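> Given the coordinates of chain D, assemble chain W with the ligands onto it according to the supplied hints.
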Amino acid sequence: MIEMQDVYKTYPNGVVALNGISVRIKQGEFVYVVGPSGAGKSTFVKMMYREEKPTSGSIMINGVNLAKLKESKVPLLRRNIGVVFQDFKLLPKLTVYENVAFALEVIEESPKNIKKRVMEVLDLVRLKHKARFYPDELSGGEQQRVSIARSIVNSPAIVIADEPTGNLDPDTSWEIMDIFERINERGTTIVMATHNREIVNTIRKRVIAIERGKIVRDEVRGEYGYDV
Amino acid sequence: MTFNTLKRHFRESFKNLGRNGWMTFASISAVTVTLLLVGVFLVVMLNIQHFTKQVEKDVEIRVHIDLTATDADKEALRKQIEAIPEVGSVTYSSKDEELQKLIKSFGEEGSSFKLFEQDNPLSDVFIVKTKEPTDTVKVAKKIEKFKFADKVKYGQGQIEKLFATTKVIRNIGLGLIIGLLFTAMFLISNTIKITIFARRREIEIMRLVGATNGFIRWPFFLEGLWLGVLGALLPITVVLSAYSYVFDLLHPKLENTFVQLLPFYPFAWQIGGVLLLLGACIGIWGSMMSVHRFLKV
Ligand SMILES: Nc1ncnc2c1ncn2[C@@H]1O[C@H](COP(=O)(O)OP(=O)(O)O)[C@@H](O)[C@H]1O
Ligand SMILES: [Mg+2]
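So the protein lines, in turn, are chains D and W.
Under UniProt numbering, think of the first position of the first sequence as 1, with each following residue one higher.
Under UniProt numbering, think of the first position of the second sequence as 1, with each following residue one higher.
The following block holds chain D by itself, in its conformation from the complex:
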């Protein structure tokens, strides 16, 4: 359960990115976050994995207030939240397997478990056969699948994706959505900021529309709602 109460965010340069946001997202929901560029979508999701702190207001995730979370406790929060970006953020000198295993190594998981978990998630994103490949030997869609595999390898309750299909062609984007849906089916909450109208209008889910830092629309099975 994610619950925001009157969240405001003003960046040090004076830009007001979030202007009073209150929202509740239940465990297992699939939520699109839409809105024009610069509306505050990225800032909104950054609040959830504590990349940014709110200027005021509270963000409760499973009973913990992120607004008051100590910096030293942030790593523990991150272990329960997977994050996926538009630019994949893979390490070029590591293989597919190593990139995914990296997420478990740095939280000091035992080598036996690492192997088992990495193979499981590579199977889920259908990249088991390319485990030994390097990122630059993969297509964009495949790279994004690796980054998704990494985000879910420690079985987080929530996966946050900031424009995960932003760099991908339409066909590949559908493949990625298919994977997110399957992750969601297993009970994982998905919060996805996106510009992809096709996808939002086809795979109908809850839609939160943000404009100028405010929620202007919140529909259970919503539409994208903006002209391109």
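If you're looking for bench data, these hints aren't it; they were derived computationally from the structure.
Keep in mind it's a predicted model, so treat the numbers as computed, not measured.
Ideal Cβ placement from N, Cα and C applies to all residues, glycine included.
Some hints here could point you the wrong way.
[What the hints assert, rightly or not] Not everything, but these chain D residues come out facing chain W in the computed CB check (under 8 Å):
hint	residue
1	Ala67
2	Glu71
3	Leu76
4	Glu98
[What the hints assert, rightly or not] Pair by pair, the computed Cβ-Cβ distance ranges are:
hint	chain 1	residue 1	chain 2	residue 2	range
5	W	Gly18	D	Glu181	43 to 49 Å
6	W	Gly18	D	Ser56	45 to 51 Å
7	W	Thr237	D	Asn167	37 to 43 Å
[Said to hold, decoys possible] Derived, one-sided and incomplete: chain D residues facing chain W with beta-carbon distance under 8 Å:
hint	residue
8	Arg79
9	Glu105
10	Ile107
11	Lys115
Frame of chain D; chain W with the ligands shown alone:
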């Protein structure tokens, strides 16, 4: 921390030294040059210190007791002197003892002083040693004011000069050493900043997937340590070989003078240990400074 994690940190730190070959070389050179200079200063300074300590040890205050003082007056004076907190010891030496010392110190020619044995013109004295030689002047000034303290002698003028000189030498050396150490730390922190800059994506991902700051710091901590220790090896070798050479050369010549060099052992271990420790510290400090900026704490 598990053994596997520790292995990982070591592997990572070595990989990074190799990956940033030239920068590694530059940092090690910076440490090497610094510690070479620091080592030379240290050796010179410690020897000067050793030498001045010996000279200082011979410094004493001679309080000439007024001829009219009775035994009770003398005892009172002694009590007064002993009551000064900086005073270490007070020894009485009668005028006859003083004369014998004088005769002895002149050797053959001293016999002409024997004439005075009948009518000794010297005074009884208290020989006062301070706990810290540098307090000599201060203590002497206090004693001068006491009743029955006729004359107070401590090598006026020379003592002050000696102490002033050794103090200046000590301060200059210390200043230079600290300045050099900061330069080296700055150079190391710059190197590591560059290696971290190349790895900021890796650090960003580590933070994203929940690595603790401690975990992220470890490889950099080790990297700094290696840079410092590797940088210390050459200076230790050079400084100690040079000292051993100079010592063998000068020691026989100085045998009968009051200037004495510190013996090679355990001095060599001390200098080696200090340089190694300094290398490790500036390496670690430099690297921790630059990692700090990439971590939110
Ligand atoms: N780190 C930052 N510092 C200052 N201003 C920022 C920062 N990040 C975003 N902004 C500003 O905040 C506003 C919202 O940005 P963002 O949340 O990235 O919007 P979106 O993801 O919807 O495009 C924009 O005006 C942007 O310029
Ligand atoms: Mg954005």
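> Each hint needs a verdict: does it hold in this structure or not?
Hint-by-hint comparison with the structure:
no., hint, verdict
1, Ala67, "15 Å, violated"
2, Glu71, "6 Å, holds"
3, Leu76, "7 Å, holds"
4, Glu98, "12 Å, violated"
5, W:Gly18 - D:Glu181: 43 to 49 Å, "44 Å, holds"
6, W:Gly18 - D:Ser56: 45 to 51 Å, "48 Å, holds"
7, W:Thr237 - D:Asn167: 37 to 43 Å, "55 Å, violated"
8, Arg79, "4 Å, holds"
9, Glu105, "7 Å, holds"
10, Ile107, "5 Å, holds"
11, Lys115, "13 Å, violated"
When held up to the earlier numbered hints, the structure conflicts with 1, 4, 7, 11 and fits the remainder.
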